[in-house]
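Undergrad: Top to bottom, those sequences are chains A and B.
According to our numbering, the stretch in the first sequence is residues 1 to 329, in order.
According to our numbering, the stretch in the second sequence is residues 1001 to 1329, in order.
It should be emphasised that the hints constitute simulated quantities derived from the structure, not laboratory data.
These numbers come from a predicted model, not from an experiment.
Errors might be hidden in some of the hints.
Below, a list of computed lysine to aspartate or glutamate pairs in the EDC-like style, where the Cα atoms sit at most 16 Å apart [claimed, not checked]:
(1) B:1295 with A:80
(2) B:1313 with B:1294
(3) A:295 with B:1085
(4) A:295 with B:1294
(5) B:1313 with A:80
(6) A:77 with B:1312
(7) A:313 with A:294
2 protein chains.
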Amino acid sequence: MTITRRTALTGAAMLAASPLLPNAPASAAAPAAGNQAPGFYRYKVGDIEMTVVTDGMNRFKFADDHVANANRETINKALEASFMEKDVILNPYNPVVINTGSKLAIVDTGIGEAAYAASKGGVGQLLTNLAAAGIDAKAIDTVVISHHHGDHINGLLKADNSLAFPNAEILVPAIEHKYWMDDGEMSRAPKGRMEDNFKNVRRVFKTEVMKRVRTYEWDKEVLPGVTAVGTPGHSIGHTSFVVSSGAQKVFVQSDVTHVPFLFVRNPQWHAFYDQDAPLAETTRRKVYDMLVAEKMMVQGFHFPFPSRAYVEKAGNGYREIAVPWSPTI
Amino acid sequence: MTITRRTALTGAAMLAASPLLPNAPASAAAPAAGNQAPGFYRYKVGDIEMTVVTDGMNRFKFADDHVANANRETINKALEASFMEKDVILNPYNPVVINTGSKLAIVDTGIGEAAYAASKGGVGQLLTNLAAAGIDAKAIDTVVISHHHGDHINGLLKADNSLAFPNAEILVPAIEHKYWMDDGEMSRAPKGRMEDNFKNVRRVFKTEVMKRVRTYEWDKEVLPGVTAVGTPGHSIGHTSFVVSSGAQKVFVQSDVTHVPFLFVRNPQWHAFYDQDAPLAETTRRKVYDMLVAEKMMVQGFHFPFPSRAYVEKAGNGYREIAVPWSPTI
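Use the sequences and the hints to build the structure in full.
TA: Printed below as a string of structure tokens:
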């Protein structure tokens, strides 16, 4: 007897109709585990060991102005095409630890431990997942920040506002850091999201943090084998990274695209968090055309964990092809 | 300065050109971790807790007769479209533990602990990953077998040939079990793969195992909320399962399709391990048309871990849309 639609669709009805197999041995039921696997994943780029360590995932109802040039109906169609819930964006945060052999660094820090309780453990998982990965936060010698939005810098501080990476030098993009720390720029910022971000940058980059900060320039190495690449638009000084060792390369894109099911498919969409949206779009297309042409792997901060993919052209945009999970490294 | 193709492509060259940032603090290098995260993943179907527990992934060069009606060049084109290596198939094995509240069951058992050493840990990981998930193999009260191929039944035995699940009842599809245990069928089997599988079934279903075996019928529940659905073709008695609780359902497809980047895209391909290939194709299309029509989640044994997806029509076949990893359950 082969499957029919009826068969597959009447599972619930069958529940009543078909009693359990007779003679099933009595057994004590095991309690549900109730916890997710630790959120880390390792892979190699030549001699460099990468560990993607998730900070978790937010679920939020998007605002009417989430995308300036796409309305709710259009966005919901894209969500539906990816079998996602209407009106809701699932937004993961995936920092990556890079062990070059001589340096143990982390790129971006997530939304921060302080958000753990309010999100009921949904986000703010970074330090827990780092520990699960066997990585001591005290052993991290370098934090590399891609840009100064809260979901990338807030994790510099623990819930008690102490340093999450107490022994690390903190490398920040020079253009980005100058902009957000500039009082004149802040005074001209629109109220709301922009002004709030200026305030948050100042909150995070307090004296204790600033003592550890050093700026870096584009087109230079920030770590052995890791080169900063300017990808502005999302923010003034937004930076991506090419990790290269031997014959292998990966493009750590930061926020060139946000969640792929919306913004890889629709690179023309201008989301509210793209500070210079036309430049962000130009950058996005340049990067993605390069990824397609070079068949280069991309590691996306807001891609679903473990957030590695290749990119193909699709329609007027692109599609990410997730790299299969490997049970070994 | 925005990204240029030159910028992204000359990372290696820059390595020589750009010295490390000056004044970087000396630090003891952390050793590479060298190990992958434990391979388990949890999600809920209504009140039922599912834990996908990977047995690992094989990497093999495919034979010229891997697919009867597609040649090497055609298969390699499909691999290339998914950014996979030419001539190589990466084949993961993903059993799933189902905790219904009253039963703690596992569906299929993987390729077996005995394969661990020879594969250098690539496969045979099931028992290790089960332990990492906090699941005691001795607490499993039911093993449900979908069909009698080695990568689904060999894990019934440990490397020392003792029972991997010593306290479990072993439920097998009646048609499938009768066929492979029938001496007449075995005597008529072609030498090679078919005869080898008959021999392997007899090796695994030794007296000690047979004492624990009970057959199940299609269209009946094998566990509370889990209904066996006949999906023959891949083997005579090949079985899938609908897991249903409350308003939620998932289709545990077993091997209706093998690795998705080949056989979801190309349901018309007849692979050597499809015992009745035309029937397997008919079943595959019926199941996948149902998954598309019902927007039903599928859990695929040979899908990349954690092997959950939705299905859309694409060309003359289908495409799986992986369900994003959730850092919470």
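Undergrad: Does the alpha-carbon distance linking residue 1313 (chain B) and residue 80 (chain A) stay inside the 16 Å limit?
TA: 14 Å, holds
Undergrad: Is it true that the CA of residue 1295 (chain B) sits at most 16 Å from the CA of residue 80 (chain A)?
TA: With Cα atoms ~10 Å apart, residue 1295 (chain B) and residue 80 (chain A) stay inside 16 Å; holds.
Undergrad: Against the 16 Å threshold, does the CA-CA distance of residue 77 (chain A) and residue 1312 (chain B) hold or violate the hint?
TA: 14 Å, holds
Undergrad: When you check the alpha-carbon spacing of residue 313 (chain A) and residue 294 (chain A), does it fall within 16 Å?
TA: Answer holds: residue 313 (chain A) to residue 294 (chain A) is near 12 Å, not above 16 Å.
Undergrad: Below or equal to 16 Å on CA atoms is what counts here, so check residue 295 (chain A) against residue 1294 (chain B).
TA: Roughly 35 Å separates the two Cα atoms, so the pair is violated.
Undergrad: For a C-alpha distance cap of 16 Å, please report whether residue 1313 (chain B) and residue 1294 (chain B) respect it.
TA: 12 Å, holds
Undergrad: Mind checking the alpha carbons of residue 295 (chain A) and residue 1085 (chain B) for me, to see if they're no more than 16 Å apart?
TA: 12 Å, holds
Checked against the numbered hints above, the structure breaks only hint 4 and satisfies the rest.
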